[in-house]
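Given the sequences, and given the hints that come with them, work out the whole structure.
Chains as they are written, first to last, in the working numbering: chain A, 16 to 397; chain B, 16 to 397.
This list has only true hints and no planted wrong ones.
Not close to chain A: a few residues of chain B, all C-beta gaps over 10 Å, as computed:
#, residue
1, 201
2, 255
3, 311
With beta-carbon atoms standing in for the labels, derived distance ranges:
#, chain 1, residue 1, chain 2, residue 2, range
4, A, 52, B, 379, 36 to 46 Å
5, B, 116, A, 162, 22 to 32 Å
6, B, 364, A, 138, 31 to 41 Å
7, A, 199, B, 394, 55 to 65 Å
Think of the hints as simulated: they come from the structure by calculation, not from any bench. Bear in mind that the values here come from a model prediction, so they are computed numbers and not experimental data. Here a beta-carbon is modelled for each residue, glycine too, at the ideal position from N, C-alpha and C.
Protein chains: 2
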Amino acid sequence: MRASEVRELLKLIEQEDIIPFGGGMPDPTLFPKDELARIVEEVVRDERALQYSPTEGIRPLRETVAKLLRSKGIEVTYEDVLITTGSQQALDLISKVYLDPGDVVVSESPTYLSAIGAFRSYEADIAGIEMDKGGMDMDGLRSYLDKEWKRCKFIYTIPTYQNPSGITMSYERRRELLEIAREYGKPIVEDDPYGELTYEGEVMKPIRSLPNSDFVTYLGTASKILAPGLRVAWMVGPKDLLRKCSLAKQATDLCTPALTQTITKEFIDRGYLAGHLEKLRSIYRVKRDAILEAMKNYFPPGVTWTHPNGGMFIWVTLPHGMDTSKMLPKALEKKIAYVSGGAFHPDGSGENTMRINFSFPTLEEIDEGIKRLGELIEEVGG
Amino acid sequence: MRASEVRELLKLIEQEDIIPFGGGMPDPTLFPKDELARIVEEVVRDERALQYSPTEGIRPLRETVAKLLRSKGIEVTYEDVLITTGSQQALDLISKVYLDPGDVVVSESPTYLSAIGAFRSYEADIAGIEMDKGGMDMDGLRSYLDKEWKRCKFIYTIPTYQNPSGITMSYERRRELLEIAREYGKPIVEDDPYGELTYEGEVMKPIRSLPNSDFVTYLGTASKILAPGLRVAWMVGPKDLLRKCSLAKQATDLCTPALTQTITKEFIDRGYLAGHLEKLRSIYRVKRDAILEAMKNYFPPGVTWTHPNGGMFIWVTLPHGMDTSKMLPKALEKKIAYVSGGAFHPDGSGENTMRINFSFPTLEEIDEGIKRLGELIEEVGG
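Spelled out as structure tokens, the structure:
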């Protein structure tokens, strides 16, 4: 096990004068404090919110989540929902159930850093499949599975506004992925933390809502749509996997805090979510537009970047031969932070890439920070 | 992995007419709701309480916990404290770091059910050492270590008001345990959820506060002294173990909820803890006295039980040949629940024993329930 770059960056962000493109945190000024204050004052007087609770999650939240998922086309009841202590716990539990040392998880490349961390903590390898504008390359997936069918235990994907690339998988690919997974008999784990954060174009339906997708495990979370400090997330999946994950969870933390589960349930049940999402979308849309505009204005020729329709991240590719990891100390001298792309590539490649977050910094920081980053790229690259 | 008896019992407790001696839950009427209501209303307006937070825990809580531990004679600073999502998570992380399949954890027998669950989830064996009134038998421990020195990875103990037995390890044994552990080069994991709940006799100092105990890992929790629904606990231990546990925690749940960490910190910093503990002790003392009195009045000859000076549990031993596991369905018919002792014995023995919780049931339930249990024992045993 090794300390990850993001972790070190979280410490740097505590230095207040660094412009923070590195993290993946929501804008803290948008937390719905008034609504939460109203809720907690009542919730804390409910004994059940302070007591031990069932490992699967409190039933009222499981029912609320099932209803929310049905509104997205995922036909489930509360019995199909397991509450987890953040989606990170779901990744840990799924790994514990599915993976033995030497097994392989197939994922997009680049992919979510802490998913790589979870899979590796069970001594599994990650096989990264290249992406283009439409998401994971299906020919690449097929040819990998042809070669390594036996070692692959599941396919991990973040199909919508992917972390770190910002790329969204097309419907054609989603259907093809389902077909391939069925054909090769491999489970899909669909991680969907950003699906509600659409700023442009079509709202994408989860893979788990498409026909014949019952074998897909779907992960959702309150972290990006409400507050990560609650650590409330949910997982639906095949009954046998859910049962095993629930047993593994019991040995891991007994239960997710009843208090934060109850707060989340009340926030959704009282109808606060829809309005809050509207607010998030409108402000994050402005930030996304601002960062794309700043990149256009300040980045030198030869630099390319993705144009995400939602989520929190933009993926930047510098000219070949440049190394964002080596450039990072200079960036920190200029008081800007990013995560260099190598960390997100299971094979350690992508040394000329970086992930830029636009949800956390302010509009002023976005303009000033991208300007400084553009200057730095020019200095180092020239 | 298998569903544990306690888990099934938690479901039964939801049937309201069962007298619940089975769980290990605090009395929910004693939760400090007014103090918590005052705290949460403010805390929820602090952005940091809603955001992602450092894996090690928020620094203000780590400082508060270090101060609390120093008041118990454990000389640490905030850097020695890792916040965990309940002590169950500490057991999971320690297991992940220390244990490989086939390794052994030495513990008291009987011992905490979910510790057995955590160790077994890493395919380790548990070697249970017998206890008497003074705690773990040190001759038994020595002779086990002589035989199986290599396989043993650490010694797990709940020295004060042990779960499930209610037994407290004497100071003589605590010092001897430290000596043996040093001699054989084995770490000690000291689990201390009940140490603050003393109803009679001397307040016992943790093993970790005795001289030359720096190699002991100490686990404390807010679950029994504040509220388990917060899932806030803490761990101090050797620097290298703490660093590895922190890395493992990152892959497991990223961080413990900043919200419940901040609530716990405020509860202690505002000086509410001392008064709350006084209240808990005075009411649990009355419950303990009532259950001991009821056992004296209603249990037939041949039944013996422990006399705990604190904590939440009494350990009951029926005459040889009786089987509390087989008796349980009849108990549930009589609307009383307990946990049969076999589950707490790593070797599955103890079929004539049971754990009785006295913190959760009301005084009326205690009297009526122990009366019914006495009648049942008489029926089945006669």
